[in-house]
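Those protein sequences? They're chains U and L, same order as listed. full-length UniProt numbering puts the first residue of the first sequence at 1, with every later residue one more than the last. full-length UniProt numbering puts the first residue of the second sequence at 1, with every later residue one more than the last.
Check before you lean on any hint, since a few could be wrong.
[Unchecked claim] For each label pair, taking beta carbons as the anchor points, the in silico distance ranges come out as:
hint : chain 1 : residue 1 : chain 2 : residue 2 : range
1    : L       : Asn8      : U       : Tyr47     : 27 to 33 Å
2    : L       : Ser37     : U       : Lys49     : 26 to 32 Å
3    : L       : Gly238    : U       : Ile215    : 54 to 60 Å
4    : U       : Tyr47     : L       : Asp168    : 55 to 61 Å
Treat the hints as calculated values from the structure; they're not laboratory data. Since this is a predicted model, take the numbers as computed values, not measurements. Yeah, the Cβ is synthetic: ideal placement off N, Cα and C, and Gly gets one too.
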Amino acid sequence: MSNFIAVFEQRQEMLLRTIMEHLQISLISLMIAIVIAVPLGLLLTRYPKAAEPVIGVSAVLQTIPSLAVLAFLIPFFGIGTTPAIIALILYGLLPILRNTYTGIREVDPALKEAATGMGMNSFRRLTKIELPIAMPVIMAGIRTSMVLIVGTTTIAALIGAGGLGEIILLGLDRGADIHLILLGAIPAALLAIALDMILRIFERFSKKAGLKSFIAMLVLVVLIVAAPLILNGTKQADLVIGGKMGSEPDILINMYKLLIEDQTDLEVGLEPNLGKTAFVFSALQQGSIDIFPEFTGTAIVTHLEDQANSNDAKEVYEQAKQGMKEEFGMELLMPMEFNNTYTVATTEELAERYDLEEIGDLKQIENEITAGFTLEFNDRYDGYVGMQEVYNLQIADVKTMEPGIRESALSNGEVDIIDAYATDSYMVELDLVTLSDPENLFPPYQGAPLLREDTLEEYPVLRDILNQLSGKITDDEMREMNYQVDYEDESAEIVAREYLIREGLITN
Amino acid sequence: MIEFKNVNKVYPDGTEAIKDFSLEIKEGELMTLIGPSGCGKTTTMKMINRLIDPTSGSIYINGKAITDYNIHELRWNIGYVLQQIALFPHMSIAENIAVVPEMKKWKKQEIVSRSHDLLDMVGLDPSTFGNRMPGELSGGQQQRIGVIRALAADPDIILMDEPFSALDPISREQLQNDIQQLQKEIKKTIVFVTHDMDEALKLGDRICLMKDGSMVQVDQAEQLIMNPANDFVKDFLGNKKSPWETTVGSIVDQQMDAIITKSIYESQTFPSQGTYIVVDEHSDYVDMVRNGSVFHGKTVRHDMTLSQAVELLQESDQLLFPVLDKQQVVGILTYPQIVAYLKSKTAIENGVTHQ
Numbered sequence: 001m002s003n004f005i006a007v008f009e010q011r012q013e014m015l016l017r018t019i020m021e022h023l024q025i026s027l028i029s030l031m032i033a034i035v036i037a038v039p040l041g042l043l044l045t046r047y048p049k050a051a052e053p054v055i056g057v058s059a060v061l062q063t064i065p066s067l068a069v070l071a072f073l074i075p076f077f078g079i080g081t082t083p084a085i086i087a088l089i090l091y092g093l094l095p096i097l098r099n100t101y102t103g104i105r106e107v108d109p110a111l112k113e114a115a116t117g118m119g120m121n122s123f124r125r126l127t128k129i130e131l132p133i134a135m136p137v138i139m140a141g142i143r144t145s146m147v148l149i150v151g152t153t154t155i156a157a158l159i160g161a162g163g164l165g166e167i168i169l170l171g172l173d174r175g176a177d178i179h180l181i182l183l184g185a186i187p188a189a190l191l192a193i194a195l196d197m198i199l200r201i202f203e204r205f206s207k208k209a210g211l212k213s214f215i216a217m218l219v220l221v222v223l224i225v226a227a228p229l230i231l232n233g234t235k236q237a238d239l240v241i242g243g244k245m246g247s248e249p250d251i252l253i254n255m256y257k258l259l260i261e262d263q264t265d266l267e268v269g270l271e272p273n274l275g276k277t278a279f280v281f282s283a284l285q286q287g288s289i290d291i292f293p294e295f296t297g298t299a300i301v302t303h304l305e306d307q308a309n310s311n312d313a314k315e316v317y318e319q320a321k322q323g324m325k326e327e328f329g330m331e332l333l334m335p336m337e338f339n340n341t342y343t344v345a346t347t348e349e350l351a352e353r354y355d356l357e358e359i360g361d362l363k364q365i366e367n368e369i370t371a372g373f374t375l376e377f378n379d380r381y382d383g384y385v386g387m388q389e390v391y392n393l394q395i396a397d398v399k400t401m402e403p404g405i406r407e408s409a410l411s412n413g414e415v416d417i418i419d420a421y422a423t424d425s426y427m428v429e430l431d432l433v434t435l436s437d438p439e440n441l442f443p444p445y446q447g448a449p450l451l452r453e454d455t456l457e458e459y460p461v462l463r464d465i466l467n468q469l470s471g472k473i474t475d476d477e478m479r480e481m482n483y484q485v486d487y488e489d490e491s492a493e494i495v496a497r498e499y500l501i502r503e504g505l506i507t508n
Numbered sequence: 001m002i003e004f005k006n007v008n009k010v011y012p013d014g015t016e017a018i019k020d021f022s023l024e025i026k027e028g029e030l031m032t033l034i035g036p037s038g039c040g041k042t043t044t045m046k047m048i049n050r051l052i053d054p055t056s057g058s059i060y061i062n063g064k065a066i067t068d069y070n071i072h073e074l075r076w077n078i079g080y081v082l083q084q085i086a087l088f089p090h091m092s093i094a095e096n097i098a099v100v101p102e103m104k105k106w107k108k109q110e111i112v113s114r115s116h117d118l119l120d121m122v123g124l125d126p127s128t129f130g131n132r133m134p135g136e137l138s139g140g141q142q143q144r145i146g147v148i149r150a151l152a153a154d155p156d157i158i159l160m161d162e163p164f165s166a167l168d169p170i171s172r173e174q175l176q177n178d179i180q181q182l183q184k185e186i187k188k189t190i191v192f193v194t195h196d197m198d199e200a201l202k203l204g205d206r207i208c209l210m211k212d213g214s215m216v217q218v219d220q221a222e223q224l225i226m227n228p229a230n231d232f233v234k235d236f237l238g239n240k241k242s243p244w245e246t247t248v249g250s251i252v253d254q255q256m257d258a259i260i261t262k263s264i265y266e267s268q269t270f271p272s273q274g275t276y277i278v279v280d281e282h283s284d285y286v287d288m289v290r291n292g293s294v295f296h297g298k299t300v301r302h303d304m305t306l307s308q309a310v311e312l313l314q315e316s317d318q319l320l321f322p323v324l325d326k327q328q329v330v331g332i333l334t335y336p337q338i339v340a341y342l343k344s345k346t347a348i349e350n351g352v353t354h355q
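Extracted from the complex, chain U is given alone in its bound form:
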């Protein structure tokens, strides 16, 4: 508990900002969903034949996993708030649409006939009789949507839209840090409850004050919430550098920014902590970001859907560079020194007891140990499959798990070895020992700036600026910098700046 309070105090500023973002994204999405779904639902009551197909389509939209919707939207809308809001609107439509339709349809036909027979026209009947009577049902739909949207908004952080998901993702990235996850999740839940209460008050007020003032209130809320977003949206950067989730990409993109801004007049914007590799890559293709640091290995395996032809770092880089150019028209600039490849890690204690130095040394205890591998590692040739073949290992017990929880499983003693990324900061924190790979089973994963050719054509100077980092930053240096950000809560910008100054690449 005291830990949680400490985390809370430390992250207060971030919490406030993300709550505001969360609120903005959720409310804007909800308002737009209402503006679309309520009139559509009303229209459907006048054309009941169209109702089933339309509601069916919105139900299908709802069944698509939110991550898939986001991935689908990036090629069209890029990253950031816009695609997030579009995805959330799609999610919010169904409950409002269905409740509006049913609410109006279920108004007692005798009341509709009375209204018509008394000489109300269709619009008056709708606003004076049908809508007020259906209002509780419609509001129930809106409230359901609201909870759905506030919940799903946490996913929006994956495409750089911000919100409380940012804190939750950070927590997941930091070895499932329960305090950080709670710090994101609890406010999200409280937000849903608070908004539900506000909506209920709205509903009661609208009953007394009538429909017009209700609509006026909605418009007012949208304006208040949307205003900062619209104002913020006006400042435009010349270049936007994106980065995947985690401290390492965050530090690297800050270095890029510092170097570019130091040596040109360009204005550089950053989009750190973008969720998945595929998201960042689509964003680069689509143009909402211009540069991001990618690994040579990932370029080959994930983007080119190929296998590394060699285990030599230089050859792998050449293969990746050529492939990216031919297939995607992208330039992979010169890689940095560090190799964030897969590695097998164990505790210092175990390593000492059995004198473990190389992966092959595990053979002697293969019947006694438990391994905690990611699903991906377990299934890849440049992973456990290859380990079995190249090092002839048959580990007695292999558990597959999410990347974020491997290190705690290891430190808890639940597993004895894990797969790890070479530069992960918890290696330092937990005093882990990495076993060397003399057979070069794992291909190199060297970081290098990836950008579209057209960006390079527009700003040819970028090549020389970014290549200054080529061959710099060793594994140890990277790990140390990651540690500073992850465990000492240093800002990525300061860590990046310090490194560049130390290396003499910038002066201040």
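Here the structure of chain U is known, so what remains is to put chain L in place on it, guided by the hints.
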């Protein structure tokens, strides 16, 4: 004045709901439409405020086709009372009453005083009931509001669609009495749909009886009872007719024992005691004979009702009366006969008279 001219309604599936219906409803008249369910009475009524449009034929209000009126203005001037009452549940009583006046752009003050008057008229205190919600009222109170809501904008015509059928018998009777009372005061043209014959007979200035989309008979209550157009009307009315209203002609004793011809009288070949009726060769009435001596007895006409006949009978000490159709004697009427007839028409069960 409402006039239906050769109105037909055929639904897309071919069902003929209304067949060649023509009817004139006079100004200030309360016309009840009655018939078995599915006979088209409600359809007919809803054509007046154009909730249903006829397939062919026309309906006129004050000589102008209803399709020539603005549909909303037409409806503002036709009050509408529904079987389901259908007060708007989210509006107070006062707001419900104000619906049509508001659409007609009455001034606020006018609407307030109008709704006060109307509430007073049906015996509901305006200050108490005006602000209540419909759900807080009993069924009978709700339908009272339903009726005054229809009256609110002072329409010329009021349509009532089985307005009291959902109410308990006591409320129903109260509201029926209210309507009778109201109709005396306000003299609106009212079209009243019902399936309850007693209600139709009680309220209707005239009754229009329908069957299978056609009009069977339109008449005043008495005429309908006395002169049903056919067996369907008779059956539908049930034994509405009091036995006292039966015509004498239909119960006469056609035994001719007591009738003698002029020639028999002249030949004196009939018993010297007893009363006899003398007729000529055309069976026309000539005179009466009691214990051998001629006297001018009283006669009854065959189309007199039993009650009229009995009035006449009581003024005389005669025991036997000739029944005449013009001059012809069609039979005789006696007290035992009347008693026997009344007995046969009046079953007595547990002390309650069933007619």
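Hint by hint, here is what the structure shows:
no.	hint	in the structure
1	L:Asn8 to U:Tyr47: 27 to 33 Å	holds, 29 Å
2	L:Ser37 to U:Lys49: 26 to 32 Å	holds, 30 Å
3	L:Gly238 to U:Ile215: 54 to 60 Å	holds, 58 Å
4	U:Tyr47 to L:Asp168: 55 to 61 Å	violated, 41 Å
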